[in-house]
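Generate coordinates for the entire structure from the input sequences, incorporating the hints supplied.
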Amino acid sequence: MSFLVTALLFGEYWGGMLTVSSTIILTQLLLLRLAKSARYMLSTMRGAIPLVALVFLLSLLGVLESASASGELLYKASASSIRFLAFLTSFNIFFLTTSPDEFGQLLLKLRIPYVYSFTFVAAVRLAPVIADEAQEIIDAQRSRGVEFEKGNPLKRLRALVGLFVPLLINSLRRAYEMAEALEVKCFGASERRTAYREIRATRRDILAAVMILAALTLVLTARSMKLFTGLP
Amino acid sequence: MNLAIEVSNLSFRYAGAGQWALKNISLSIEEGEFAVFTGATGCGKSTLFKCLIGLIPQMYPGEYLGRVVVKGLDPAQTPVSRMAQRVGMVFQNPDNQLFALTVENDVAFALENLGLERAEIERRISKAFRMMGIEDLRKRSPFELSGGQKQRVAIASILALEPEILILDEPTSSLDGATAKKLLEELGEIRRREDITVLISEHRLDLVVREATRLIVIEGGQILADGEPREVVHQLLKDGYERVEPPKLSRLAWMLGFRGANSIPVTKEEFVEKLQGVGK
Amino acid sequence: MIRIDSVWYEYPSGTVALRNVNLVIDRGEIVALMGENGAGKTTLLKHLNGLLKPTSGKVEVDGVDTRTTTVASLSRHVGLVFQNPDNMFFCTSVFEEVSYALTRFGYSREEARRRAEVVLKTFNLWQYRDSSPFTLSGGEKKRLAISIVLAWMPSYVVIDEPTTGLDGWGKRMLINLLLNLKDRERGIILSSHDVEFISEIAARVVLLRRGEIIADGAAEDILTDPVLLEEASLLTPQIPSLLHELKKRGFRDLNHKCLRLDEAVRCLSAILGRPDQGCDGF
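Protein chains in written order, with the numbering used here: chain R, 3 to 234; chain C, 70 to 349; chain P, 316 to 597.
Misleading hints may appear alongside valid ones.
Calculated lysine-lysine pairs in the PhoX-like style (CA-CA distance at most 20 Å, straight line) [as the list claims (entries may be wrong)]: (1) P:Lys572 with C:Lys337; (2) P:Lys497 with C:Lys337; (3) P:Lys562 with P:Lys572; (4) C:Lys251 with C:Lys337; (5) C:Lys250 with C:Lys337; (6) C:Lys337 with P:Lys563; (7) P:Lys486 with P:Lys436; (8) P:Lys497 with C:Lys343; (9) C:Lys343 with P:Lys563; (10) P:Lys486 with P:Lys497; (11) C:Lys208 with C:Lys196.
In short, the hints are calculated from the structure, not lab data. Predicted, not measured: the structure shown is a model, and the values here were computed from it.
So this is what it looks like as structure tokens:
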């Protein structure tokens with residue numbers, strides 16, 4: 003559960019320095035050992051390698067113009083790629099470790115009204131359903147001669163109408179159907195909703211939280227002591 | 070016998086629509102029946118079902134005439150969440166009625182909404198899991214289930230409310246024949262064992278005729294035929310009605326000349342008996 | 316001719332949906348791919364117009380490898396109708412919905428108009444030509460989806476679950492239409508688990524189970540074999556199921572390979588020792 007906090011904190015924390023980002027990634031790797039899913043996580047990150055490379059290249063190009071010393075140049079580029087990587091891994095950890103159900107419960111514990119946490123859970127749940135449906139629609143349109151990747155921008159835009167109109171209409175229908183189902187499942191019937199399964203912090207969660215706090219303190223003190231002055 | 074449902078002269082037109090979706094429907098259903106509603110898509114079956122639980126006119130406004138009484142309650146006036154504790158409703162597409170990310174939480178969902186104690190939730194969902202034979206799916210995610218399994222979860226989540234009437238709107242339309250047949254047989258079994266009244270819409274009559282105590286044909290918002298399944302099948306054949314298909318066996322019997330209103334076979338066993346009486 | 320040659324298909328998620336599928340489909344033939352949900356029917360259909368390319372093996376349409384051409388150009392020859400019509404419609408009127416693809420395929424405005432009119436009349440939808448497709452009923456939507464594809468008269472007509480949403484009348488109309496197309500030398504490929512419907516068109520039946528073909532033959536051989544059907548998790552159609560039961564109960568010399576109603580009437584009238592009668596009920 004507390005991985006979520008990690009992710010959110012790291013997401014918030016735009017330290018932006020090589021050292022900071024590396025600390026983040028290191029902490030995350032430690033956390034992953036805790037969750038015993040390091041290998042799985044790394045395998046899901048493989049797809050990100052080209053992206054990180056792209057960021058590296060782009061920032062290299064970006065700073066080229068200022069034509070500063072090559073050492074600093076390389077440093078800056080690596081800093082931004084690692085920062086990007088840290089960002090990616092944070093989100094990745096969040097989605098890999100936190101079931102939206104549990105996240106919904108956390109929101110409840112934070113006294114956020116159930117309607118909001120339910121909306122969040124429903125949105126996450128629907129994402130794959132809508133993605134599948136979009137693929138079906140694209141396939142159906144391609145089968146009647148629509149070409150999504152061909153022609154001038156105007157033509158492509160017209161082709162997209164064939165995707166968005168059915169998607170929109172299906173979504174409206176789905177919204178009604180879900181609303182009906184919620185009604186017959188007594189949604190909002192009681193002021194005090196019970197939770198069948200409640201989440202509790204386990205020892206591992208607490209350990210993770212301590213590690214995150216330690217990493218955070220380290221970074222913050224370093225920063226306040228201006229240990230990295232002179233570095234971007 | 071007590072009436073579970075009584076509908077008198079019900080007409081309904083959705084707000085903004087030109088045509089009446091239901092036209093002067095009168096219908097009464099006794100407790101413990103297994104009533105099968107059939108008719109082409111868009112004939113008004115779903116609209117009628119929505120009137121029985123109060124979604125119409127509460128969620129869908131429109132012109133509403135006539136009167137409906139369900140278990141002594143008026144669905145037009147009673148909050149849907151109160152109706153839902155007496156009348157469970159399962160819809161066609163399971164994807165749009167499952168909300169949690171584990172099967173277990175999904176079946177508990179309605180009970181949580183009612184604010185029941187955890188022990189009570191546990192008791193009810195365990196029973197619902199047993200009834201639908203899906204104990205082994207408890208910890209799974211509804212996404213990874215097959216269509217038939219999803220529909221079972223959807224039904225269990227409604228059975229957990231312990232309704233006295235169970236309404237199922239085309240629950241098998243996305244299922245293949247073998248899966249659908251098994252599910253329908255089990256629903257018949259549940260009706261007998263738990264003493265629940267079941268209303269279901271289904272167009273594959275051959276799959277459901279064994280369980281049905283009642284067959285109601287709807288077309289264009291009106292009741293075209295209503296009665297004991299054999300009578301209705303006979304009437305469909307006699308009138309040469311094309312839209313609803315009677316079981317193929319009944320049609321075969323009709324073509325062979327077995328045309329008695331009280332004796333036309335509707336199942337394989339009845340057909341065999343019939344031929345053994347005549348042939349050889 | 317469509318030639319499917321040792322095709323394996325694995326989805327990016329890692330699910331293997333087709334395992335070594337071999338199939339040759341000729342023009343003038345009706346082929347029904349049958350099997351339970353998830354057996355791989357739709358995945359196979361999507362290979363026919365190149366929406367999916369085999370992971371290994373190959374698919375050829377009239378000698379053209381689907382990997383060497385585009386979906387748009389294949390679709391002219393292989394018209395694929397999807398199961399859910401709601402995923403298709405986006406035009407403001409029924410008429411435009413049909414003429415849209417025709418203009419995409421390069422027909423002149425006039426020719427597109429003429430074809431759209433013919434096909435909409437055939438499907439009894441002409442009266443709705445100016446209505447929005449979204450106002451149609453379930454059965455009408457299904458008919459519209461099929462007419463959109465038939466409008467350009469592809470050499471192969473592929474329909475995924477043709478009977479969902481159709482009432483008795485719609486099904487009978489579709490049967491006549493498919494038989495007519497067959498006579499006009501079109502290849503027709505259906506995917507279905509509706510054993511009763513397939514029984515009536517006497518097609519060639521290909522049984523799929525978990526991505527593999529487990530049987531391929533005439534409908535009257537396959538759909539009358541309860542053991543085989545059980546293996547594919549399909550129900551035995553009502554008529555052969557009745558005939559099997561009768562055979563078990565002493566009517567030994569019954570021909571159990573009857574599928575269609577008229578055949579069953581003929582064969583049962585014979586054992587009842589009376590002339591074929593009462594066909595007016597049909």
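We went through each hint and held it up to the structure:
For a cut-off of 20 Å, the pair hint linking Lys572 of chain P to Lys337 of chain C stands: about 17 Å separates their Cα positions. Proposed proximity of Lys497 of chain P and Lys337 of chain C is contradicted: the alpha carbons are some 33 Å apart, above 20 Å. Taken as a hint, the Lys562 of chain P and Lys572 of chain P pair is honoured in the structure, with Cα atoms around 12 Å apart against an allowance of 20 Å. For the suggested pair Lys251 of chain C and Lys337 of chain C, the alpha carbons sit about 17 Å apart, so the restraint of at most 20 Å is met.
Of the pairs offered as hints, the one joining Lys250 of chain C and Lys337 of chain C holds, with about 15 Å between alpha carbons and a cut-off of 20 Å not exceeded. Of the supplied pair hints, the one linking Lys337 of chain C and Lys563 of chain P holds, its CA atoms being roughly 13 Å apart against a limit of 20 Å. Proximity of Lys486 of chain P to Lys436 of chain P is assessed by CA-CA distance (about 17 Å); at most 20 Å being required, the pair is judged to hold. Restraint check for Lys497 of chain P and Lys343 of chain C: not satisfied, since their Cα atoms lie roughly 39 Å apart, outside the 20 Å limit.
For the hint pairing Lys343 of chain C with Lys563 of chain P, the CA-to-CA distance comes to about 15 Å; that is within 20 Å, so the pair holds. Simply put, Lys486 of chain P and Lys497 of chain P have alpha-carbon atoms about 16 Å apart, close enough for the 20 Å limit, and the pair holds. For a cut-off of 20 Å, the pair hint linking Lys208 of chain C to Lys196 of chain C stands: about 16 Å separates their Cα positions.
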